[in-house]
Amino acid sequence: MRRSRNTVLSVISAGVFLAILYMLNMNRAGNGMLISIMQKSAIFALVAVSMNLLNGFTGLFSLGQAGFMSIGAYTTAILLIPVQSLDGVYYMNGINPGIRALKVFLSALPPWFQSVYPFMALIVGALFAAVIASIVGVAVLRLKSDYLAIATLGLSEIIRALFSSPQLDGITNGSYGLNKIPAFPKMFGGLVPPIITPFIVSAVCITLIVLLIRSSYGRAFMAIREDEIAAEAMGISLFKHKSMSFIISSFFSALAGGMLAMYMRSIEAKTFSITLTYDILLIVVIGGIGSVTGSVLGAFLVTASKEWWLRFFDQPLELFGWDVPLFRTGFRMVIFSILLMVVVLIYRRGLMGTNEFSWDRIFGRFKWKRRKVQGGGS
Amino acid sequence: MSLLEIRDLKVCYGGIVALNGISFDVEEHEIVTLIGANGAGKSTTLRAIMGLIPIAGGTIMYRGEKLNGLDTQKIVGKGVVLVPEGRRVFPNLTTLENLRLGAYLQKDKAVIEANLERVYGLFPRLKERHWQHAGTLSGGEQQMLAVGRALMADPKLIMMDEPSLGLAPLVVKEIFSIIRKVNEAGVTVLLIEQNANVALKTANRGYVLETGTVSMTGPGRALLEDEQIRVAYLGKTR
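Same order as they appear, the protein sequences are chains A and B.
Using this note's numbering, the first residue of the first sequence is number 29, and each one after it goes up by one.
Using this note's numbering, the first residue of the second sequence is number 37, and each one after it goes up by one.
Chain A with its partners taken away, still in its complex shape:
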């Protein structure tokens, strides 16, 4: 009965959330900031969850997320830039004739293909990243803890350097970056408007990751995190499971990277520098290493406070004719850092720790409070 209550509550809250999204879609004009923040949060939530799968659940400290995101972003962008815009985008060095021929061929395919094409582009980018991860994984997954972190960090930088190198001008447009990337497509023939698409894609992907974590594979990942030797003695193949986690994490990071390309409409290699990985690591740590709901919550809180809620610290402020000092561009980042320190000091293990959001916990808290009140009265 409790389970059915929880299911009902979950379905209702998902419905409410969707209704809010549809309402925002109706009133786009005044809510541009909110919509854009929420979309970015949805994308970062997916990367954070995929990073959490690797760092939090499998215990592999990897910092290669930005690299895999850039693979997804570039692949998706190259596949999606409309043929008629190609010359404008590659105005300096021209485009590789093979890619142009492929794109001309694809653009001639029937409408039903064109409507699923953006999603196929996302998946192709993700698969490409997964293939790279499976090759690189053979080498880097032999490393442990800090060494793995440094190797993956280096890998991410190598990918970024490759994408901006002049040798790849015809494909990635080198240091000029790519623009004129089409925005989010609509889904199910317009049933889901473009604005809501990233939420649906992220939700589906995160659900898949959660199902994986709850399966026996997920248990094996956690066993590896807890104790490699004991896990191996149970018959869990360390290499197989580590590379599986690495590949799946890279797949979803790249998919989110592709969505980021659609969100930003123009990308360059600099977007995917180490700081992007750190931003995601921040989300994972704030949300709680080993908690999926924590990562989702962290993605929204970090994105919103970084780009929106703290904005007024950047404007000069005058109180009763007194010009408050320090209120100028960049001050919000100081406040943001202080807030982060406070959060980390209060919640040592992130907002959610290793727990997941559950209705039982919320109801349990209410009950506990009520009991305490009754206990005090008697």
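In short, the hints are calculated from the structure, not lab data.
One or more of the hints may lead you astray.
Listed next, the in silico PhoX-like pairs over lysine-lysine satisfying Cα-Cα at most 25 Å (straight line) [claimed, not checked]: (1) B:163 with A:268; (2) A:268 with B:46; (3) B:114 with A:268; (4) A:268 with B:145; (5) A:268 with B:217.
Selected chain B positions facing chain A (in silico; Cβ < 10 Å) [what the hints assert, rightly or not]: (6) 60; (7) 105; (8) 107; (9) 113; (10) 120; (11) 267.
Bear in mind that the values here come from a model prediction, so they are computed numbers and not experimental data.
Backbone N, C-alpha and C define an ideal beta-carbon position, used for all residues, glycine too.
Following the hints, position chain B against chain A.
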């Protein structure tokens, strides 16, 4: 044919010889113990059998099949499991999750449930604590969990590395009665102990390991009465 036949097993760590050609047998339904001081090569023997470390020479035969060079996964699949030294339960997973991990290679859900019932039958305490994180269990309970987790794989041969390590004497007694119970249920036990007294009392046969070689062998009771062993391992003064 013995269940497990070790012939001339050699293991080296870098240049250091850990096992210098040891041979022993484990018959079906027996409890066999390897005793010896620190560094005699007891744990190394078990880890070599499990394929967790490479061996430098010799053969490991299990039911007439060669185990050398096989993956740990395959060896577990054949029914040989290890209860590692120091218990090594997964502290942040629940008792139930720990037990399910023991049956990781078993894909048949019905078999897993049956094994779970059997383990709960042996250790009712684990059933009471099935929702609790393994790290919060007491030392004795963790050892039960480690044994239970190994039993989830439905083993023919269970190998235990120092099950009495760090446990109170009363709990040690309990653990050894559990080992006897497991053995009566038809599982062959290969036991490694520093606590030679209890180990030899429980075991049908014992082998004494000294710096990488087997120095003595015989039925558990006989070894227990041997003057040399009493001096070397049981703390009796001459």
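Hint status (Cβ of residue 267 of chain B to nearest Cβ of chain A, threshold 10 Å)
violated, 35 Å
- Regarding the hint that residue 60 of chain B lies at the interface with chain A, is the smallest CB-CB distance below 10 Å? violated, 21 Å
Fill in: Agreement of residue 114 of chain B and residue 268 of chain A with the hint, judged by alpha carbon distance not exceeding 25 Å
Answer holds: residue 114 of chain B to residue 268 of chain A is near 20 Å, not above 25 Å.
Min Cβ distance, residue 113 of chain B to chain A: is it shorter than 10 Å? Status holds, d = 7 Å.
Original post:
Taking the least C-beta to C-beta distance, is residue 105 of chain B closer than 10 Å to chain A?
Top reply: violated, 16 Å
Discussion item. Hint check: residue 268 of chain A vs residue 145 of chain B, CA-CA at most 25 Å. Holds or violated?
Written reply: holds, 22 Å
Next pair to validate is residue 268 of chain A with residue 217 of chain B; report whether the Cα-Cα distance is within 25 Å. Distance of about 36 Å is beyond 25 Å: violated.
Legend entry - Holds or violated: residue 268 of chain A to residue 46 of chain B, with C-alpha atoms at most 25 Å apart: violated, 28 Å
- Can we keep the residue 107 of chain B interface hint, with Cβ of chain A closer than 10 Å? holds, 7 Å
Review point. Against chain A, with CB atoms and a cut of 10 Å, does the hint on residue 120 of chain B hold up?
Key: holds, 5 Å
Check your understanding: Taking only the CA atoms, is the gap from residue 163 of chain B to residue 268 of chain A under or equal to 25 Å?
Key -> violated, 32 Å
Of the numbered hints listed earlier, those contradicted by the structure are 1, 2, 5, 6, 7 and 11.
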